[in-house]
Amino acid sequence: HQFHMIQSSHSRTSHEVITNYASKNRELIPIKPVLNGEPPYEQIGYWNEGVRAERSYVRYVAWISILAGANAGITYGAHGLWSWHREGEVFANESMWMMPEDWRIALRYEGANDFIRLKKFFESIPWWELEPNNNIILNNDGSIVAASTPDQSIIVAYVREAHSFDIDIPRCNKFDIQWFDPISGKYENAKAEHEDGTFLHIDQNFWNGEGVLLVCKSV
1066 HQFHMIQSSH SRTSHEVITN YASKNRELIP IKPVLNGEPP YEQIGYWNEG VRAERSYVRY
1126 VAWISILAGA NAGITYGAHG LWSWHREGEV FANESMWMMP EDWRIALRYE GANDFIRLKK
1186 FFESIPWWEL EPNNNIILNN DGSIVAASTP DQSIIVAYVR EAHSFDIDIP RCNKFDIQWF
1246 DPISGKYENA KAEHEDGTFL HIDQNFWNGE GVLLVCKSV
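Residue numbering for the sequence shown follows the working numbering, beginning at 1066 and increasing consecutively.
What the hints contain is simulated information worked out from the structure, not anything from laboratory work. There's no promise every hint is true.
[Unchecked claim] Under the rule of at most 27 Å between Cα atoms (straight-line distance), these lysine-lysine pairs were calculated in the DSS-like manner:
id : residue 1 : residue 2
1  : K1239     : K1251
2  : K1097     : K1184
3  : K1256     : K1239
4  : K1184     : K1282
5  : K1185     : K1256
6  : K1185     : K1239
7  : K1256     : K1184
8  : K1282     : K1239
9  : K1251     : K1282
10 : K1251     : K1185
11 : K1184     : K1089
12 : K1097     : K1251
13 : K1185     : K1097
14 : K1251     : K1184
15 : K1256     : K1282
Given these sequences and hints, build the entire structure.
Listed below in structure tokens is the structure:
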């Protein structure tokens, strides 16, 4: 096998599963690329819970997957499309996964475009060099997932709920710092300043929602 493919499952704990599995797979020898081959499908029911996986959670798991170490790839699934479900037909697994919509409707779920935006974001940087690095976020309560290149010339941090935070990078280095909106695909310059000469303070993004911080060392 040339790579490791893991499944984070169709559950509300999918983000925890992929974080754990990605870490374990990256520790295996020889080291091989890791990808999440089956994150939760958009609008699928969580296993026997009667609650659907919304677009926002599917997007969250996708970003977590890449930054937690499964950065060789990600798949997108839409409930109803994978089974080519047609309205009025019986769905044998309704008790587990809930009734899907017609595949023509599932084909237009907006979550697919979230994955396109994710792909374009990572194609703009050397994604293959990224390694999980949550420790670079000071006093991280677990709400921020981060990765960086080994020399920390590029740092990516996914922030699910908007708030300010600090990054452990020295003042001697100069960086270009931007916020990326994973819903619109737009970039905005981030407001950041060094405090006490030891860490970089990042103000929350301007749209007061989830965001991705991109820090690139200036050439």
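Going through the hints against the structure:
For the proposed pair K1239 and K1251, the alpha carbon gap of about 23 Å is at most 27 Å, so the pair holds. Proximity of K1097 to K1184 is assessed by CA-CA distance (about 20 Å); at most 27 Å being required, the pair is judged to hold. Distance hint between K1256 and K1239 is fulfilled; the C-alpha atoms sit about 14 Å from each other, no more than 27 Å. A C-alpha spacing of about 21 Å is found between K1184 and K1282, which places the hinted pair at or below 27 Å, so the restraint holds.
For the suggested pair K1185 and K1256, the alpha carbons sit about 23 Å apart, so the restraint of at most 27 Å is met. Annotation: proposed proximity of K1185 to K1239 holds, straight-line Cα distance about 25 Å (limit 27 Å). At roughly 25 Å between alpha-carbon atoms, K1256 and K1184 fall within 27 Å of each other, so this suggested pair holds. Taking the CA atoms of K1282 and K1239, the gap is near 6 Å; set against the 27 Å cutoff, the hint holds.
For the hint pairing K1251 with K1282, the CA-to-CA distance comes to about 20 Å; that is within 27 Å, so the pair holds. Straight-line distance between C-alpha atoms of K1251 and K1185 comes to about 11 Å, which keeps the hinted pair within the 27 Å bound. Straight-line distance between C-alpha atoms of K1184 and K1089 comes to about 24 Å, which keeps the hinted pair within the 27 Å bound. Using a Cα cut-off of 27 Å, the hinted pair K1097 and K1251 is violated, with the two alpha carbons roughly 33 Å apart.
Taken as a hint, the K1185 and K1097 pair is honoured in the structure, with Cα atoms around 23 Å apart against an allowance of 27 Å. Among the hinted pairs, K1251 with K1184 is consistent with the structure: their alpha-carbon atoms are about 14 Å apart, no more than 27 Å. With a C-alpha separation of about 16 Å, the suggested pairing of K1256 with K1282 holds against the 27 Å cut-off.
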